[in-house]
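Need the complex rebuilt from these two chains, each delivered in its own frame; the hints are there to steer you.
Chains as they are written, first to last, in this note's numbering: chain L, 1 to 466; chain H, 1 to 363.
Derived by calculation from the structure, the hints in this document are not laboratory data.
The C-beta atom is built at its ideal place from N, Cα and C for all residues, glycine as well.
All clues stand as given, with none of them false.
Example chain L residues on the side facing chain H (calculated, C-beta under 7 Å, incomplete): (1) A181; (2) F183; (3) S184; (4) V187; (5) Y397; (6) V405; (7) N435; (8) A451; (9) F452; (10) V454; (11) D455.
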Amino acid sequence: MLFSSVSFLYFFLPVVITVYFIVPQKMRNLFLLIASMFFYFYGESGYMPVMVATILSGYVHGLLIGKATGPAARRFWMISSVVWCGAGLLVFKYADFLILNVNRTGLDIPLLKLGLPLGISFYTFQIISYTIDVYRGKTLPQRNLVDFATYVTFFPQLIAGPIVRYTTIAEQLKTRTHSFADFSYGVRRLVIGLSKKILVANALANFAVSFRASDQKSVLFYWLYFLALTLQLYFDFSAYSDMAIGMGRIFGFHLLENFNYPLTARSITEFWHRWHISLGTWLRDYIYIPMGGNRVRLPRWVFNILIVWLFTGLWHGAGWNFVLWGGYFAVILMMEKLVLSRLLLHIPSALSRLYFILLIIPSFVFFDSLTMSDLAINFKAMTGFADLPLVNADTFYYLRSYFVVFLIAIVGATSLPSLAIQRLRDSRHLLCIINTAEPVCLAMLLLSATAFLVDGSFNPFLYFRF
Amino acid sequence: MSEQHKSKIIAVGFMVLLLSGLMTHLFCPKESVSYSERRLMQQFPPLSASRLFSKEWTEKFELYTLDQFVLRDRFRQLKALLVFDVFRQMDNNKIYVIGQDVFKLEYRLDEESVRKASDRIDDIALNYFAGSKVFYALIPDKSMYADPATGYPILDYARLSGILEAETGSAVPISLYDELDADSYFRTDIHWKQEELLLVLDKLGHSLGFEPDNQYTEKTLAPFYGGYYGQSALNISPDELTYLYNDAILNGEATDRIKGEPLKIYNPDDFRSVDPYNVFLGGPVAVIDVINPVAEAKRELVIFRDSYASSLVPLMLPYYSRITLIDLRYVPYSKIPEFIKPAGQDVLFLYSALLANSSFLLR
Numbered sequence: 001m002l003f004s005s006v007s008f009l010y011f012f013l014p015v016v017i018t019v020y021f022i023v024p025q026k027m028r029n030l031f032l033l034i035a036s037m038f039f040y041f042y043g044e045s046g047y048m049p050v051m052v053a054t055i056l057s058g059y060v061h062g063l064l065i066g067k068a069t070g071p072a073a074r075r076f077w078m079i080s081s082v083v084w085c086g087a088g089l090l091v092f093k094y095a096d097f098l099i100l101n102v103n104r105t106g107l108d109i110p111l112l113k114l115g116l117p118l119g120i121s122f123y124t125f126q127i128i129s130y131t132i133d134v135y136r137g138k139t140l141p142q143r144n145l146v147d148f149a150t151y152v153t154f155f156p157q158l159i160a161g162p163i164v165r166y167t168t169i170a171e172q173l174k175t176r177t178h179s180f181a182d183f184s185y186g187v188r189r190l191v192i193g194l195s196k197k198i199l200v201a202n203a204l205a206n207f208a209v210s211f212r213a214s215d216q217k218s219v220l221f222y223w224l225y226f227l228a229l230t231l232q233l234y235f236d237f238s239a240y241s242d243m244a245i246g247m248g249r250i251f252g253f254h255l256l257e258n259f260n261y262p263l264t265a266r267s268i269t270e271f272w273h274r275w276h277i278s279l280g281t282w283l284r285d286y287i288y289i290p291m292g293g294n295r296v297r298l299p300r301w302v303f304n305i306l307i308v309w310l311f312t313g314l315w316h317g318a319g320w321n322f323v324l325w326g327g328y329f330a331v332i333l334m335m336e337k338l339v340l341s342r343l344l345l346h347i348p349s350a351l352s353r354l355y356f357i358l359l360i361i362p363s364f365v366f367f368d369s370l371t372m373s374d375l376a377i378n379f380k381a382m383t384g385f386a387d388l389p390l391v392n393a394d395t396f397y398y399l400r401s402y403f404v405v406f407l408i409a410i411v412g413a414t415s416l417p418s419l420a421i422q423r424l425r426d427s428r429h430l431l432c433i434i435n436t437a438e439p440v441c442l443a444m445l446l447l448s449a450t451a452f453l454v455d456g457s458f459n460p461f462l463y464f465r466f
Numbered sequence: 001m002s003e004q005h006k007s008k009i010i011a012v013g014f015m016v017l018l019l020s021g022l023m024t025h026l027f028c029p030k031e032s033v034s035y036s037e038r039r040l041m042q043q044f045p046p047l048s049a050s051r052l053f054s055k056e057w058t059e060k061f062e063l064y065t066l067d068q069f070v071l072r073d074r075f076r077q078l079k080a081l082l083v084f085d086v087f088r089q090m091d092n093n094k095i096y097v098i099g100q101d102v103f104k105l106e107y108r109l110d111e112e113s114v115r116k117a118s119d120r121i122d123d124i125a126l127n128y129f130a131g132s133k134v135f136y137a138l139i140p141d142k143s144m145y146a147d148p149a150t151g152y153p154i155l156d157y158a159r160l161s162g163i164l165e166a167e168t169g170s171a172v173p174i175s176l177y178d179e180l181d182a183d184s185y186f187r188t189d190i191h192w193k194q195e196e197l198l199l200v201l202d203k204l205g206h207s208l209g210f211e212p213d214n215q216y217t218e219k220t221l222a223p224f225y226g227g228y229y230g231q232s233a234l235n236i237s238p239d240e241l242t243y244l245y246n247d248a249i250l251n252g253e254a255t256d257r258i259k260g261e262p263l264k265i266y267n268p269d270d271f272r273s274v275d276p277y278n279v280f281l282g283g284p285v286a287v288i289d290v291i292n293p294v295a296e297a298k299r300e301l302v303i304f305r306d307s308y309a310s311s312l313v314p315l316m317l318p319y320y321s322r323i324t325l326i327d328l329r330y331v332p333y334s335k336i337p338e339f340i341k342p343a344g345q346d347v348l349f350l351y352s353a354l355l356a357n358s359s360f361l362l363r
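Just chain H, same shape as in the assembly (with noise of 0.2 Å):
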């Protein structure tokens, strides 16, 4: 080819790029949500004479060219390709991907927030459930049951339940670190299965003093794009997202105390929403009651949780005639006599040992 030819076809195919890029972005169809990330997409900020080029508006329209930017998600693949593969690094925004299974790079321990995660457990335990057996459960990462050859740094799991133990006054420990495992967890979402959590479900109910039957039949919804799928932006092979269920949990009714409104213990329709996840009740919600009206014992719980319980929660129901879950990101604990009355029942904080080291989230 010569010069000539070659100046023309670079300058020539250099315009068509930039055209294209201009043309598909003002008359191609604007994505609302995201479901690879699991969030709103901005679109065009409305314009006025005094919002145009202010600060905020300059933010939003930036912001608004990323989002709506053609095939976004294959332009997010071949990033996290050129990362991996060409320039070999580690980890692509902090996420990283050992064989089929997506993790989250999150290693740095905050001793201070897991003290104040421990001064909020003592705080609620004392002021208000002074008469109740109270409880405390760290979920660990699923990153801390990875590969320690593959050489990323995961989070002390170890100091982390130390310093909570050490600090904690008025809730007793249940471990539940060799309850679980690699399997135990979605390789695509952060989250556990539902299926790998009977050892779990032994472990609490010998605890709290109960004793599971584990006589389900299971249901399985597929494929299953956790939300570590869609922040990977790779082509990672989905899992499968299965529930259990008995007479008891089929039977259960459940309601956002909130909202006034009844839930679904399960809700398959939720498995094409842009978070699966929420097939298990619902998904965020912050204060749920969930009774069980045929069971045999009056016992109540009261779980303080992150999203992890939604799924263990459904198979706690048999045992317990109400369990009323609370999420104290989204609810003050300033709040919680609205909510709960004091009557001796059970109580267990089920965190993540991430949210205990983020417990800011904790209102």
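For reference, chain L alone in the conformation it holds in the complex (with noise of 0.2 Å):
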């Protein structure tokens, strides 16, 4: 089930909200594990099954290494649990990626064909990270298997994140308050969501229909789509975030922001700082830091950037294409820390700002091109190298027709629009005005976004699979 769906915002979405706020406190969680183990069954029921194993294998291990006497018995435990993810996560995802290049060799072992059940990548991330964390001794194990499978199952960031971890919500498993302010602003939240996706993701998705359809491609109109495609990826994935932080306001649950104005950074380094915060602080706390992070000499250190990108590209897909992204990204991080971060502190924002765009938009070529062909000929054709025009009239059709689109969603993708609002709300004389305009205007983009929905129809979030 998507959240940009009738079925979720016109069905699903009103019976859960208001069936969670006439049962009883205590019955809460039960009711909202119930609601999300719904969710998942409606879109993937055929592989329910592993999500229930993984979720019982992280809740069981939790309780091991919480009744496990001496570090080598917990270490065991956790080491145990992380495996187990693990084993799901690359048998599911990984497993034929694995059997494709060993098949390089000459080799011909079967495929294995299993289809990618929905949010793995995410709920086996925070399922290790809680493990982690009980080990670590930052948090204690959850006894309540109900509790536990809630925080795993919790339907708004159940498939596409952010990736929750278990110590900033444990306090409000237990004990969590609801207020008209936190339900408006999680309206808030997830009413902008829903229109960055389905207003502005989706018409940047329909122009890079329209140029992949194309055959009058030109320098200009490839630029254009990896523009589109860098904002489109941000407002899908960003949204989401958007969505799953607002519905989580609703039931009184504060989860973290997942993004921040990624694409006004002004280095990799920042980007990534701004960039699905979760999955960055994740690998970091996780994998880097327990490899020694940059406390290292400097072989080592490398060795470690390569290593955390390599996951950080493979987390992304399996393929060689996000391999090079993420070590496209590895090897700008480090010259970025070894020679230019003084340089970019120094020269005016502005030319940062177009170092920045200038590296971000060829990265998600990588993104983009399944296969090294595929990557070639989109490199060429962005420098020029192909034997494309600079520009056509295809290129001049759907640059006329998604101006307008591209501005709202560049001006979008800066804080300006907040700050705009803010410094609206900061003055006495217009606050009421602002306060009255908000509701109509949350009604108008909820309903603007439900007349798109109704003339649509099949509408997946790009990070769905992940």
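Here you go:
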């Protein structure tokens, strides 16, 4: 079930919210668990047992780590948990990638052709973080299976994040408060996220479809395509996080922010502190720092960076293009750390932003190119070496047609709109107008998003299959 | 308004909107047909233990929630207004509007498809009509007459017809481009207007060997909401549908060859159906025989056609004793001998340029 669907917005969500606030407080986690299981089952009935088994594994391992006497036993159960979760991810997400590459040596191992269970990359990372945090003593094991399962399966973040750490919501599982202020904040984030996805991300996706279908490409058309892809990924993914955070707040959970205007960064380093924050911090805390982080000698540090970015790339997809995508960032990050960081601090911000844009857009060429051949074609086309015109009639048509969409997306990717609204709210005279206009604007956005939904059909989030 | 009041209004308003959507979905009567979209609307998919939450069931359920959403046409209209007026996009679902004229964005030339269309014409001409005079005529899409200054890409008609002419060896081309213009087509529909086809009739007559006298009485039905009207989802002013008749046309007898049922040359009752264009020869029928019992000459014509021919054939009826229409989108061409015995009939392939560009539709 997708958030951006009529079945979710007008069937599932109103029923779940209504029943949630009717049931007694002590039953609310159980109800959320049932609702989340239904949500998952609706979209992925076949692989439900995989998720259930992974949840049970995390729960049992947490208890075993808690009960274990001695560091060796605790470490054993922690590693067991990581292996169990990792094995599931390996089999369903990476097995065929590994087999394909082994078969290049001349073997003929049959592919498993297993579908990718929805959200497996998210919930396995959540469970791994939980068991490691129990091992590290950062949290006590959760003895209540319902509460633990609710944490893992909580439907707002189940299939596309953010990756929620158990430690951030452990208390909220036990006790949480509800208020109109929280509820309305949640509605605001939800509606804004829905609008970002349906009104902006989907429009950019349509541009991308038109590009792929065109047999009259140009250099400019390629650049516009990858700009659209960059913006689409941002709006799509951050919209999902907005919706997750919003719905979480409606139910009394305070989830951490996952995006902080990443496309306004002035370096790749800064970008990765703003983009998919929950993944970046997860990799930092559970892979990079345990490997020694940057408190090691230079060769080891380089190795650590390469491993983390290999993981980052592969997390996004089982393909060499994703490995290269991770490697691309690893190289740039090392260069920024060793050589460029001071320079970037001292040059005008317009130049540093240009530097960033010229690096980030090509990065998504790796992301989008499923084969090495596609990668070569795309880079050749973007750099003018593919015997394409600079512009042509098709490019002009689509640029003209999507100009306002691009403008809205570019401005919307910055903090300018929220700063402008905040400035208006800071004015006592205008605060009353803003407070009156806000419900109206939210209603208009919801109805506009509904209009697009009703007119369209299947409407998947990009990170759906991670 | 205080923050507290605002929070309450947002929270309550949000739930009211969602619950209203749910309640109206549950309790409002369901639509079986969409007249604006000319299709059946998805009903609630049958439930069973085995089907529940199967991929097929959930897909149908998702479609059901969209198709049966209350005020669906109004929401589609809102979306169209947002796309054109707020986002300033050039088209909405590949539909665009210039003034009060609605067009569809179809401009990618599929040369392979055009060659296949040509091969099909040659195959039929050589295998079934070796001794006949065989012609083909390509009907330009209305977008080809739109003002190019508006910046909409259009199908390269010259290139398409050039490929067809170069590749088709067994049929004589009849160009209709100069016999039509922007006013020859309905504003809200893909089709041409019958009353604007007199020059086309003259051109065909010149090639096929008849001389139209063009004496008709007009009958007009209104309002005509063409196929593009619903697709545009905008408040475009409707067309009028005019049909022409004279004694020969009124005396004509049409038969659906596959069902064995009579058809009317013009059926005004169909004007209130899902597709008002079905007024002409009952709409999409695979094989039709149209007889002119008072024809002076015993000439026969076979037309391989799409929907455009439905409004042209009545005008040709006075000059033939029999016209057989075959729609190869519904009948595989291997079945032609079941309907036609070659006996020196004139043969005309009359296809829109868009169909030639999508010849996979021909069976």
